[in-house]
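2 protein chains.
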Amino acid sequence: MITLWELQGKEGRRYSLFSWRTRMALAHKELKFESRPVCMSDKAAIAFSGGKTVPVIRDGDATVRDSWKIAEHLEAKYPERTLFGGEIGRGVTHTFNTLVDRTVVPAMLPLIVADIYERVEPADDAYFREMMEKIVRMTLEEARAKREESMKRLTRTLEPMQALLKRQAWICGAQPAYGDYILFSVLQWARVMSPQQVLEPQDPLHGWRERMLDLFGGFARNVPTA
Amino acid sequence: MITLWELQGKEGRRYSLFSWRTRMALAHKELKFESRPVCMSDKAAIAFSGGKTVPVIRDGDATVRDSWKIAEHLEAKYPERTLFGGEIGRGVTHTFNTLVDRTVVPAMLPLIVADIYERVEPADDAYFREMMEKIVRMTLEEARAKREESMKRLTRTLEPMQALLKRQAWICGAQPAYGDYILFSVLQWARVMSPQQVLEPQDPLHGWRERMLDLFGGFARNVPTA
Chain F
2 MITLWELQGK
12 EGRRYSLFSW
22 RTRMALAHKE
32 LKFESRPVCM
42 SDKAAIAFSG
52 GKTVPVIRDG
62 DATVRDSWKI
72 AEHLEAKYPE
82 RTLFGGEIGR
92 GVTHTFNTLV
102 DRTVVPAMLP
112 LIVADIYERV
122 EPADDAYFRE
132 MMEKIVRMTL
142 EEARAKREES
152 MKRLTRTLEP
162 MQALLKRQAW
172 ICGAQPAYGD
182 YILFSVLQWA
192 RVMSPQQVLE
202 PQDPLHGWRE
212 RMLDLFGGFA
222 RNVPTA
Chain G
2 MITLWELQGK
12 EGRRYSLFSW
22 RTRMALAHKE
32 LKFESRPVCM
42 SDKAAIAFSG
52 GKTVPVIRDG
62 DATVRDSWKI
72 AEHLEAKYPE
82 RTLFGGEIGR
92 GVTHTFNTLV
102 DRTVVPAMLP
112 LIVADIYERV
122 EPADDAYFRE
132 MMEKIVRMTL
142 EEARAKREES
152 MKRLTRTLEP
162 MQALLKRQAW
172 ICGAQPAYGD
182 YILFSVLQWA
192 RVMSPQQVLE
202 PQDPLHGWRE
212 RMLDLFGGFA
222 RNVPTA
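Sequences listed follow chains F and G, in order. Take 2 as the starting number for the first sequence in our numbering and just add one per residue. Take 2 as the starting number for the second sequence in our numbering and just add one per residue.
Be a bit skeptical, because a hint or two may be false.
Since copy identity is lost for identical chains, a pair holds within one copy or between any two.
[What the hints assert, rightly or not] Below, in silico cross-link-like pairs of lysine to any residue (SDA-like), each with a Cα-Cα straight-line distance of 20 Å or less:
1) K167 <-> W69
2) K70 <-> A170
3) K11 <-> S42
4) K167 <-> P202
5) K70 <-> K167
6) K30 <-> G87
7) K70 <-> A175
8) K153 <-> A108
It should be emphasised that the hints constitute simulated quantities derived from the structure, not laboratory data.
Please work from the sequences and hints to get the whole structure.
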C-alpha cells in the first residue's frame, strides 16, 4: 500500500494541484493508496521527506517527493500500464510538464486564488494569504477584482491545447497517459476549489475534461468540489 | 530516393521552417533525399500535392504534404530509428508540435520577417510582403522597428524550454528525436534567414542548438545561412 501526503482543504477537499498528477498516475497503474491530508502550513508533517511541499509518497522503503519524480518512480517500479510509453515519451512528457507549470499554472492561479483561500483549512489562512500574495504580486482582493483579465489570459494560454484536442482525442494520442494528467491537474485544482466555470461547454477542453472525469470509474469526478 | 519540395531563398538558402522538421526527420532515419527548391509564390510547382504549401515529399508512390503528416508517414514506413518512440510519444509530440506552432512560431515571425524578406527570391518579393504583412498585422518596416519588443516576447515564450534544458539534455530526453526537431526548426529558420543573434551564448537553448547543429555530421550546420 502506497501512502500519499497531499493538501487538506475544507470539507474533505483534496486541492493540491500537483498531488492530482500523482493521484491520476496511481489510478492509471491501478495502485491502491492511502491519503494523508495535511495543512499547507504544517511543514512538520512532511519533514521526513526532506522537503516542504506535497505530494510525497511512501512506497515500501522509498520516500519520494515532487510529482514528476513520483511519476518516474512509479513508472520504473510498476512498468505495466505505462505512463510515458518509453524514453522518448518520458522526455517529451517532461517537456510538456515544464511548459504547463510555467504557462498554464501561472495563468490559472490569479483567476482562482481568492476562491481557494475561502476553501483552505482555517489554520492555513494567514500562511496561504502571505505566500500567494507574493506569488501573484497582488492582494487576494485585487486578484478577485481582476478576474476577467485573468480569464482572458488563461484562455489565451489554453488555446494551443484546444486546437490540439480538435485533432486528437487525448494529449497523449489515442489514450490518456501522464501528459493528460499534467494538464488535467490544473483544471481539477480549479474544479475542486473554485465555483467559476473556467471552461465553456463548447470548448474542446471541456469534453476532454469530462472524459478525464469518467476515467477509472469516476475517480476524479466523485470527490468534494466547490 | 525521397524527393522533398521546400522553399528556395537567395544563394542556396533553404528557409522553410516546416521543411527543416522534415529534413531533420529524414537525417534522423538516415534516409537519402533530393531537394526540389521552389519559390513561395510558385503554386503550380506543388499543385500535384493537392496543397499550396511545402514541405511535400514524394516517396515511391506516396505523395505526402504537411510536416506532421510527413513525420507520421516516415515513422510508419521506416520504423527503425524511431522519431516518436511509440504511440504515447507520438501523441505528446503532436501536442508539443501544436504548442510550438501556436506560441514559438508567432513569437519568432515578427522578429525576423523583415530579414527573411531581404533573402527570399526576388520573384517572391511582392507575394511574401503581402502575405506576411497580413499575418503579423503590420508592415515589414514596422516589424523591423519593433524588434526589441518582439525579442522580449520571444524570450518569454522560450523560457519554459530554457528551464527544461537545464534539467534534461534534449526535448525528447536522453537523445534527440522529433520533438527536438520541432523546436529546432524555428531556430534554424532564424539562423538561415536573419543576421540577428536570437539566443545569447549563456542561454541553455544555445548549447542545445549547437548540439543539434552537430548532429548527423553537421547536417544542419553546413548550409547557407544569413
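Going through the hints against the structure:
1. K167 <-> W69: between (27 Å within a copy, 15 Å between copies)
2. K70 <-> A170: between (27 Å within a copy, 17 Å between copies)
3. K11 <-> S42: Classified as within: same-chain Cα gap 14 Å, cross-chain 62 Å, threshold 20 Å.
4. K167 <-> P202: within (14 Å within a copy, 38 Å between copies)
5. K70 <-> K167: between (31 Å within a copy, 16 Å between copies)
6. K30 <-> G87: For K30 and G87, the Cα distance is within 20 Å both inside one copy (15 Å) and across copies (19 Å).
7. K70 <-> A175: So K70 and A175 pass the 20 Å test across copies only (16 Å; inside, 25 Å).
8. K153 <-> A108: Both: 9 Å inside a copy, 19 Å across copies.
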